[in-house]
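Asker: Under UniProt numbering, the first residue of the sequence shown carries the number 1, and numbering increases by one thereafter.
None of these hints come from the bench; they were simulated from the model.
Beta carbons: idealized from backbone N, C-alpha and C, even for Gly.
Hints may contain errors.
Each computed DSSO-like pair below joins lysine-lysine, with the alpha-carbon atoms no more than 30 angstroms apart [stated by the list, open to error]:
1) K70 <-> K57
2) K7 <-> K62
3) K38 <-> K24
4) K6 <-> K63
5) K30 <-> K7
6) K7 <-> K57
7) K70 <-> K45
8) K63 <-> K30
9) K38 <-> K63
10) K62 <-> K38
11) K45 <-> K7
12) K38 <-> K6
13) K24 <-> K6
14) K7 <-> K24
15) K57 <-> K38
16) K7 <-> K63
17) K57 <-> K6
18) K62 <-> K17
19) K17 <-> K38
20) K56 <-> K7
FRET-style restraints, in silico, Cβ to Cβ [unchecked claim]:
21) A41 <-> K17: 12 to 22 angstroms
22) K57 <-> T12: 14 to 24 angstroms
23) E85 <-> K17: 30 to 40 angstroms
24) H13 <-> D43: 11 to 21 angstroms
25) E52 <-> N77: 16 to 26 angstroms
26) T12 <-> D72: 26 to 36 angstroms
27) K6 <-> I31: 27 to 37 angstroms
28) A41 <-> K7: 28 to 38 angstroms
29) S34 <-> R74: 24 to 34 angstroms
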Amino acid sequence: MADKGKKVGVVTHFYNKIGVGIVKFNQAVKIGASLHFKGHATDFKQTISDMEFDHKKIQAAKKGQEVGIKLDQRVRNNDEVGLVE
1 MADKGKKVGV VTHFYNKIGV GIVKFNQAVK IGASLHFKGH ATDFKQTISD
51 MEFDHKKIQA AKKGQEVGIK LDQRVRNNDE VGLVE
């Protein structure tokens with residue numbers, strides 16, 4: 001992840017039918033941030049446009065928080081999430 005930005009979290013689940021990935025962040029991340037998802041079969045970048053916690057829209061995720069993010073592509077459990085700078 002070092003060459004693709006700072007690691008800020010990890011994918012803990014993906015809901016295929018609704019295209020939402022659950023990410024546990026190890027630092028605060030706001031809507032509008034560009035993230036890089038990297039794993040065994042995953043490698044893409046996406047800007048966060050929608051984020052939810054406990055079924056409520058939020059503007060930022062706090063350190064240690066698990067949030068749902070609407071994604072364009074599939075992610076897998078334990079995929080790394082990096083912040084693109």
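Asker: Output the indices of the hints that this structure fails to meet, ascending.
Answerer: The structure breaks hints 26, 27, 28, 29; every other hint is satisfied.
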